[in-house]
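Working from the sequences, and respecting the hints, build out all of it.
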Amino acid sequence: MAHSDSRTIENHLRMSGVSRRDFVRLCSALMVTAPAGLALTSTNSVDELAKAVGHTPRPSVIWLHFQECTGCTETLLRTSAPDVGHLILDVISLDYHETLMAAAGDQAEQALHAAMQKNSGRYVLVAEGSIPLKDNGGYLELGRRRGLEVLKEAASGAAAIVAIGSCASWGGVQSSGENPTGAVGVDSIIKDKPIINLPGCPPNPYTLLAVVLEYATMGRIPALDSLKRPLFAYSRVIHDNCPRRAHFDAGRFAQAFGDDGHRQGWCLFKLGCKGPLTHGACATRHFNEVPDVWPIGIGAPCVGCTEKAVAFTMPVFQTVDLHSIPATAPDTYAPIYTPQGHISSAATGLAGLIGGALVGAGIMASRRLRTPEGGEKPGEE
Amino acid sequence: MNAQEQARPVGGRILTPPFLALTALAALSAVLILWRFVAGLGASTALNDGYPWGLWIAFDVVTGTALACGGYAVALLVYVLNRGRYHTLVRPALVTSALGYSIAGLSVAIDVGRPWLIWKVPLFFWHWNHRSVLLEVAMCIMLYTLVAWIELSPAFLERGETSSNPKVRSFSRKVLPAVRRGLPFFIAFGLLLPTMHQSSLGSLLLLSGPRLNALWNTPLLPLLFLLSCLAMGYGAVIIESTLSSRFLGRPLELMMLSRLSRVMAWILSVYLAIRICDLFVRNSLLAALFRFDLFSIMTWVELALLAGPIVLLASSERRRDPGNLFLAAMLLLLGGALYRFDVYLVAFQPGPQWSYFPSVTEILITTGLVAGEIAAYIALIKLFPILSGRKPTAPARAAVLGRSYMTAD
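Just so you know, the sequences run in chain order A and B.
FYI, in our numbering the residues of the first sequence are 217 to 597.
FYI, in our numbering the residues of the second sequence are 45 to 453.
Honestly, I wouldn't trust all of these hints.
Take a look, some chain A residues computed to stay more than 10 Å from chain B by CB distance [unchecked claim]:
1. Ser222
2. Met231
3. Ala252
4. Asn260
5. Val262
6. Glu325
7. Gln326
8. Ala371
9. Asp508
10. Lys524
11. Thr554
12. Ser582
Simulated DEER-style distance windows between Cβ atoms [unchecked claim]:
13. B:Ala71 to A:Ala462: 55 to 65 Å
14. A:Ala462 to B:Ala348: 42 to 52 Å
15. B:Pro263 to A:Pro251: 53 to 63 Å
16. B:Leu161 to A:Gln556: 23 to 33 Å
If you're looking for bench data, these hints aren't it; they were derived computationally from the structure.
Yeah, the Cβ is synthetic: ideal placement off N, Cα and C, and Gly gets one too.
In structure tokens form, the structure reads like this:
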């Protein structure tokens, strides 16, 4: 590969003033994110990975928003210093993203079409949010066109589609309960393209980066499970890798938010943690590059955001039934402090009676002694 | 010893209605004690592994022996400070001491897990742990109970000398001189023992370390226990004298009690000064005092109850008012008892999971033991030469003994 080719990631980074150290650091993070399951990271060293990635032309990414909260985009942008968000945006060529671009209106529409035409058949389409189907898809319009229509058009020229977040994966929070808009995920509509679901509310941005780079570098999409989730990030059960697992095994459970067990970082299972049912890399790859920044790390039970059968369906504080993991959930929970000692109301009543009688007798006695009567005069000496 | 100081049996009917009521309570207590030995501590008490010491220790032993310190406190005044004018108070005070300590010993026997081994404690001296505070307390209480009865024995022997039974008469005449000769030794011993164990009752809880709340946790705990038990001893003597004069129609030895109350107030002042200075010196406690949680409120109540008598007894005028004297002594006993309850049951915090409040059985047993103690006191002063002073006037005696005890007017 010619070093003069400005389309390669390495050259683009150099031109953008990104140091090699930061790039290698990003590659290390990538190896930590996907230690197994990717052809990309099955290299012997970070150096080899950096070389492979560096020589790859920047993959073109077109990012569309549907019914969602933009949380997935926010997660990408809120990665902390060194600003990994910017680094990622230098590694991939984000050719269209409604939140990040300056353009608006017709100009924006033109940009979308220009990007699609320029990279037709090669770009990765990232879809964020669910697509409403009810009432002819009339609940979502983009540039006076139905969301369904926009998705189909963008998908037709895409090499692969990444459905980012739980909404794009199966409909997410909009599809829960009554599903008023008939919200569905991308894979319910597009059947003729490779689709990778990255559920999570939000998913970790490194997972997206790894998927896009795997496609750009190796020319293929990673191995997926039956729900089209890449195995490298979704094969592990949160519970099995949870930092609080030792507390589960030892039978130490937080009983209520803010109790002593909760403050000491005990297992959140009883508070409704869905960790045992949930597949994801959260337990090992925390958010914002800050250790412990993920729900369980800050003392909030996992809500199972990567699982269609769990997230937005099971009540947040409902304790899950365990069937498939070797650890047995307790039927009863050892309280943080086993109350010892019984206070009987009869005893307190009796004590009150006796105490009251004594005090009353004492007061009466001192009063009578104060005013001696009749033959009861105290003998004065 | 002039004629007025000569102790005489009060005489009169023993089986009066109040006596029978007290005996009934004691009998109920005896039945429950029996049940405690059959069913065990777990079934009959609210004690647990966090609070192995409950009402029986906090009241019967720790508070009970402090209330029974009359004999010790008066003996200190009469024999050590040579204030002979208080001599007439010695015998009645000794009766409360002997009875109080006997009750304490009985309570320990009920309270310990394996009472059938208690007899080994004084005998198996080669197994003694010489650094054990508990052993010291156990030995002192056992010995002092014995000593108190021996100190009191002349009263029984004097009565025996006039017995109608010739055998009792000759025995009493033979033994009494020997006892009188040995009495100084027992009196000295009787002064040493309570000094040792009353302070050790404080040391016991000091050993519980950080489990004792900071408001009570001071190395001065033994001294505070000793001072407060002295004051409580005098308070008990004032109450007991006032009540016996009231209920038995005897003249009240007001001047003596009023002088005694001055001693009591001084000791109490020293106690309070040390207690408050201690709270200030370890100044982190000042903050604890104003936290107004259970501990700080209990401390305030305790301090108020113990400051009350000092105010009530501040002038000689007030000290001569029998009602005032009685009230001050009551407040003192309440405050002293609360101090002991606080240290043993409130300040002692074995862990957040533990709670304790005495069970009905425990309360009834303690109530019955106290009732039995009062009944025994009444019987003893009626049968034996304990109380001294002028004979009561005939109408007053008739009023008291013939009709009601509670409404003698």
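Outcome of the hint check:
Every C-beta of chain B lies more than 10 Å from that of A:Ser222, the closest at about 67 Å, which supports listing it as non-interface. Once the 10 Å rule is applied to beta carbons, A:Met231 is consistent with being away from chain B; the minimum gap is 63 Å. With a closest Cβ-Cβ approach of about 46 Å to chain B, A:Ala252 is found to remain outside the 10 Å limit, as its non-interface label requires. No Cβ of chain B approaches the Cβ of A:Asn260 within 10 Å, the least distance being about 55 Å, so the stated non-interface status holds.
Against the 10 Å criterion, A:Val262 stays outside the reach of chain B, whose nearest CB is about 50 Å from its own CB. A cut-off of 10 Å between C-beta atoms confirms that A:Glu325 is not in contact with chain B; the least separation is 65 Å. With 10 Å as the threshold on Cβ separation, the claim that A:Gln326 sits away from chain B holds: the shortest Cβ distance comes to roughly 68 Å. For A:Ala371, the shortest C-beta to C-beta distance to chain B comes to about 60 Å, beyond the 10 Å cut-off, and the non-interface label holds.
Consistency note on A:Asp508: stated as away from chain B, and its beta-carbon is indeed over 10 Å from all of that chain's, at 27 Å minimum. Annotated as non-interface, A:Lys524 keeps its C-beta farther than 10 Å from every C-beta of chain B; the closest such distance is 42 Å. Distance to chain B contradicts A:Thr554 as a non-interface residue, since its nearest Cβ pair spans about 5 Å, not more than 10 Å. The non-interface label for A:Ser582 is inconsistent with chain B: the shortest C-beta to C-beta separation is roughly 4 Å, within 10 Å.
Range check, B:Ala71 to A:Ala462: about 59 Å between beta-carbon atoms, so the 55 to 65 Å window is met. At roughly 51 Å, the beta carbons of A:Ala462 and B:Ala348 sit within the given window of 42 to 52 Å. Hint check: B:Pro263 to A:Pro251, Cβ distance near 60 Å, so the stated range 53 to 63 Å holds. Separation of B:Leu161 from A:Gln556 is about 26 Å and conforms to the stated range, judged on CB atoms against 23 to 33 Å.
In this structure, the earlier hints numbered 11, 12 are contradicted, and the remaining ones agree with it.
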